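Participant: Chain by chain, the residues run as shown.
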Amino acid sequence: MTGTIVAAHDLRKRYGDLQAVDGVSFEIAEREVFGILGPNGAGKTTTLEMIEGMRTIDSGAAVVDGIDVSQDPRGVKARIGIQLQASSFFDELNLVELLELFGHLYDRKVDAMGLLADVELTEKARSQVRTLSGGQKQRFSIAAALVNEPRVLFLDEPTTGLDPQARRHLWGLVRQIRDRGHTVILTTHYMEEAEELCDRVAIMDAGRIIALDKPLALIDALLGRGFSKERVERLANLEDVFIDLTGHTLRED
Amino acid sequence: MRWVVYWSLFVASFKMFVRNRAALFFSLFVPLLIMLIFGVLNFGGTTKISLGLVDQAGNAASHALVSALEANPSFDVTPGDRAGELAELKQGHRDLVLVIPAGYQGPLTSVSSGLVAFSNRSKPEQAQIGGLLLNAVVGQLLAGGGAGSAAPLVAVQPLAGRSLGYIDFLVPGILGLTLMQLGLFSVSFGFVQLKRTGALRRLFATPTSPAYFLAAQVTSRLIIGLAQVVVLLGVGLWFGLHLVGSVPLLLAISLLGSIIFLAIGFSIAGWAKNEDQAAPVANLVSLPMTFLSGVFFSRDAMPAFLRTVTDYLPLTYLNHALRSVINDGVGVGAISGDLLGMAVWAAIAFLVAVRLFKWE
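Here the protein sequences line up with chains X and G, keeping their order. Under the numbering used here, the first residue of the first sequence carries the number 1, and numbering increases by one thereafter. Under the numbering used here, the first residue of the second sequence carries the number 254, and numbering increases by one thereafter.
None of these hints come from the bench; they were simulated from the model. Accuracy of the hints is not assured; some may be wrong.
Simulated restraints on C-beta separations [claimed, not checked]:
id, chain 1, residue 1, chain 2, residue 2, range
1, G, Arg608, X, Asp111, 52 to 62 Å
2, X, Phe242, G, Leu537, 33 to 43 Å
3, G, Leu537, X, Asp111, 42 to 52 Å
4, G, Val257, X, Asp68, 23 to 33 Å
5, G, Arg608, X, Gly66, 51 to 61 Å
6, X, Glu27, G, Arg608, 55 to 65 Å
7, X, Gly224, G, Val257, 53 to 63 Å
8, X, Glu27, G, Ala596, 56 to 66 Å
9, X, Gln71, G, Ile601, 34 to 44 Å
10, X, Gln71, G, Lys526, 55 to 65 Å
11, X, Leu216, G, Glu528, 19 to 29 Å
12, G, Ala480, X, Asp111, 52 to 62 Å
13, X, Asp68, G, Leu285, 50 to 60 Å
Every beta carbon over 12 Å from chain X, so not counted as near; a handful from chain G, in silico [as the list claims (entries may be wrong)]:
id, residue
14, Ala276
15, Ala314
16, Leu456
17, Phe457
18, Pro460
For lysine to any residue, the following SDA-like pairs were computed, each having C-alpha atoms within a straight-line distance of at most 20 Å [unchecked claim]:
id, chain 1, residue 1, chain 2, residue 2
19, G, Lys526, X, Arg108
20, G, Lys268, X, Ala86
21, G, Lys268, X, Arg74
22, G, Lys301, G, Lys268
23, G, Lys268, X, Arg55
24, X, Lys109, X, Arg55
25, G, Lys611, X, Ser88
26, G, Lys301, G, Phe263
27, X, Lys109, G, Trp260
28, X, Lys109, G, Ser539
29, G, Lys268, G, Lys526
30, G, Lys526, X, Thr131
31, X, Lys109, G, Lys611
32, X, Lys109, G, Lys526
33, X, Lys137, G, Phe263
34, G, Lys526, X, Ser88
35, G, Lys301, G, Trp260
36, X, Lys109, G, Trp256
37, X, Lys109, G, Val264
38, G, Lys526, X, Ala86
39, G, Lys611, G, Leu479
40, X, Lys109, G, Lys301
Predicted, not measured: the structure shown is a model, and the values here were computed from it. C-beta atoms are modelled at their ideal positions from N, C-alpha and C, and glycine is treated no differently.
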């Protein structure tokens with residue numbers, strides 16, 4: 001790990017009576033895959049959106065690649081890529097047109113076919129987003145978030161609603177992106193996903209971070225407190241059976 | 254201002270509109286269909302001969318002739334003075350104008366009765382049928398039913414004039430209607446959809462200001478509106494529209510009208526959270542104007558109080574300005590009242606849009 005690329009200091013956000021984010025701090029190193037876990041309403045998305053410059057920060061500070069988000073949200077947006085939860089695109093444009101358009105929004109000319117090849121959507125280049133399957137939509141959404149070669153990629157629940165094959169495929173894609181030198185911050189509801197992908201995870205509840213460490217360290221700490229499962233852990237689970245029977249390779253639904 | 258950003262969003266907005274079948278259907282095909290149906294069926298066209306009647310005699314004989322003509326179901330009689338009725342004839346609002354000269358004493362077989370009917374040269378059928386009918390009516394008043402009278406009793410004298418059909422009334426109305434529908438519906442539906450699905454939020458995730466997108470949406474729709482005007486005028490000409498005014502002036506009026514309705518559309522789109530909220534409001538705005546602003550039927554037939562109120566509707570101004578330029582070929586001066594009314598509406602609608610607009 002090298003230097004810090006994202007730093008959040010005591011971030012807070014209130015919506016009416018609800019303290020959605022209540023003093024969140026963390027630092028993320030370059031080329032790290034950082035996961036934010038937590039139940040619905042824990043404040044994961046709001047935390048991400050404050051760092052991304054998509055929401056104003058009530059108090060505290062977020063710095064991305066040396067830029068204070070509150071001071072220069074556009075400067076931050078120019079350096080990051082954002083995949084929104086359930087993001088949607090203009091229906092009437094095809095994938096290549098959308099990627100080129102998004103490139104222009106960053107004052108860039110993009111290699112649309114190259115980006116589509118990275119997410120294995122070359123054959124859908126002239127299709128509209130609405131004709132894509134759930135997994136294809138998420139992959140396209142990631143391609144659109146990569147048009148500006150971002151320093152940091154934000155993925156908000158990228159695998160929610162995907163079948164096991166599509167989810168595993170997306171994990172592979174996230175690793176590739178990390179290997180190409182991007183830092184990735186993602187939120188997820190799936191613990192096995194966090195365990196597979198994330199170098200470190202923060203677990204949020206009620207607007208606060210209640211644990212932050214490497215997945216294995218968190219598990220060791222739990223065991224260290226004398227935790228043991230009531231049932232004996234099987235060596236495989238139903239998902240392993242499903243993947244074994246239906247195959248590892250991606251199927252387009 | 255980053256022109257590349259604006260231009261790529263403009264092209265995208267344009268493509269989005271042109272590829273949206275529903276938008277194309279409602280904004281181009283429906284007006285064409287309305288024009289076709291109303292044009293072919295010729296609603297509003299009357300089978301009666303429109304007769305201007307100028308009675309300069311004012312005696313028993315002339316009154317007998319006037320009552321005979323008014324009683325005749327083939328004529329739609331409008332009394333008036335000579336200059337006024339001849340002007341109406343030239344404008345194409347009368348088929349014939351019959352002048353009963355001072356000192357008229359009834360039809361005579363021996364010498365000319367002095368009756369002259371002026372006809373519109375560009376309406377030869379109406380002139381011919383009307384002339385025959387006039388002669389028949391006057392003949393009835395002759396002693397003996399006019400049998401044996403060889404010479405025509407009424408001299409028909411053709412004058413240069415226009416032949417205004419229903420299409421001439423309809424086309425300006427359809428232009429106004431189309432510009433209103435484009436502004437109101439394509440914006441309130443299209444934009445609200447982008448808002449609801451989150452496509453607009455995705456734009457927020459880039460460093461580009463959303464104002465660029467708004468500018469691209471507005472300008473692309475202005476261009477589409479002007480293109481529609483050109484297409485509809487072309488179809489109108491094919492249907493026999495008499496376009497006497499300046500086309501650049503028409504386009505300028507259309508642009509001003511589009512700005513009003515786009516601003517109203519963005520007010521609705523900016524306020525509404527989804528299409529279900531936007532639809533009733535857009536209809537509430539458009540429906541009264543569709544029927545009260547003189548799109549399909551002349552506002553002359555409306556009760557006076559209703560006419561006074563609806564005089565101030567934006568579509569009334571737009572339709573009146575378009576109609577004056579298309580039918581009468583007037584210049585900016587003659588429609589300055591309409592243009593002022595439209596400018597006031599544009600300013601009001603713009604301010605409302607700015608106040609109500611929310612991105613999310």
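Participant: Next, verify each hint and record whether it holds.
Facilitator: To see whether the hints hold, each was checked on the structure:
1. Arg608/G to Asp111/X: 52 to 62 Å: At 43 Å between Cβs, range violated.
2. Phe242/X to Leu537/G: 33 to 43 Å: Given range 33 to 43 Å: violated, Cβ gap about 53 Å.
3. Leu537/G to Asp111/X: 42 to 52 Å: Roughly 49 Å apart at Cβ, these two residues keep to the hinted range, so it holds.
4. Val257/G to Asp68/X: 23 to 33 Å: 28 Å, holds
5. Arg608/G to Gly66/X: 51 to 61 Å: 38 Å, violated
6. Glu27/X to Arg608/G: 55 to 65 Å: Given a distance of about 42 Å, which is not inside 55 to 65 Å, the answer is violated.
7. Gly224/X to Val257/G: 53 to 63 Å: The hinted range 53 to 63 Å holds for Gly224/X and Val257/G, with Cβ atoms some 57 Å apart.
8. Glu27/X to Ala596/G: 56 to 66 Å: With a Cβ separation near 57 Å, Glu27/X and Ala596/G satisfy 56 to 66 Å, so the hint holds.
9. Gln71/X to Ile601/G: 34 to 44 Å: 38 Å, holds
10. Gln71/X to Lys526/G: 55 to 65 Å: 32 Å, violated
11. Leu216/X to Glu528/G: 19 to 29 Å: The hinted range 19 to 29 Å is violated for Leu216/X and Glu528/G, with Cβ atoms some 49 Å apart.
12. Ala480/G to Asp111/X: 52 to 62 Å: At roughly 34 Å between Cβ atoms, Asp111/X and Ala480/G fall outside 52 to 62 Å, so the hint is violated.
13. Asp68/X to Leu285/G: 50 to 60 Å: Given about 56 Å between the Cβ atoms, the range holds.
14. Ala276: Non-interface label fails for Ala276/G: nearest chain X Cβ at 9 Å, not farther than 12 Å.
15. Ala314: 74 Å, holds
16. Leu456: Answer for Leu456/G: violated, closest chain X Cβ roughly 7 Å.
17. Phe457: 6 Å, violated
18. Pro460: Since the minimum Cβ distance to chain X is about 4 Å, Pro460/G lies within 12 Å and the statement is violated.
19. Lys526/G to Arg108/X: Measuring from Cα to Cα gives roughly 33 Å; hence the hint is violated.
20. Lys268/G to Ala86/X: 24 Å, violated
21. Lys268/G to Arg74/X: Violated, at about 27 Å.
22. Lys301/G to Lys268/G: Violated - the C-alpha atoms of Lys268/G and Lys301/G are around 49 Å apart, more than 20 Å.
23. Lys268/G to Arg55/X: Between Lys268/G and Arg55/X the Cα gap is close to 31 Å, so the pair fails against 20 Å, i.e. violated.
24. Lys109/X to Arg55/X: Violated, at about 28 Å.
25. Lys611/G to Ser88/X: Roughly 18 Å separates the two Cα atoms, so the pair holds.
26. Lys301/G to Phe263/G: 52 Å, violated
27. Lys109/X to Trp260/G: Given that 20 Å is the threshold and the Cα spacing comes to 14 Å, the pair holds.
28. Lys109/X to Ser539/G: It is violated: about 43 Å lies between the C-alpha atoms, which goes past 20 Å.
29. Lys268/G to Lys526/G: 24 Å, violated
30. Lys526/G to Thr131/X: 25 Å, violated
31. Lys109/X to Lys611/G: Given pair Lys109/X, Lys611/G is violated - Cα atoms ~31 Å apart, limit 20 Å.
32. Lys109/X to Lys526/G: Distance of about 34 Å is beyond 20 Å: violated.
33. Lys137/X to Phe263/G: Roughly 25 Å between the alpha carbons, so the hint for Lys137/X and Phe263/G is violated.
34. Lys526/G to Ser88/X: 16 Å, holds
35. Lys301/G to Trp260/G: 56 Å, violated
36. Lys109/X to Trp256/G: 14 Å, holds
37. Lys109/X to Val264/G: 16 Å, holds
38. Lys526/G to Ala86/X: 17 Å, holds
39. Lys611/G to Leu479/G: 28 Å, violated
40. Lys109/X to Lys301/G: 68 Å, violated
In this structure, the earlier hints numbered 1, 2, 5, 6, 10, 11, 12, 14, 16, 17, 18, 19, 20, 21, 22, 23, 24, 26, 28, 29, 30, 31, 32, 33, 35, 39 and 40 are contradicted, and the remaining ones agree with it.
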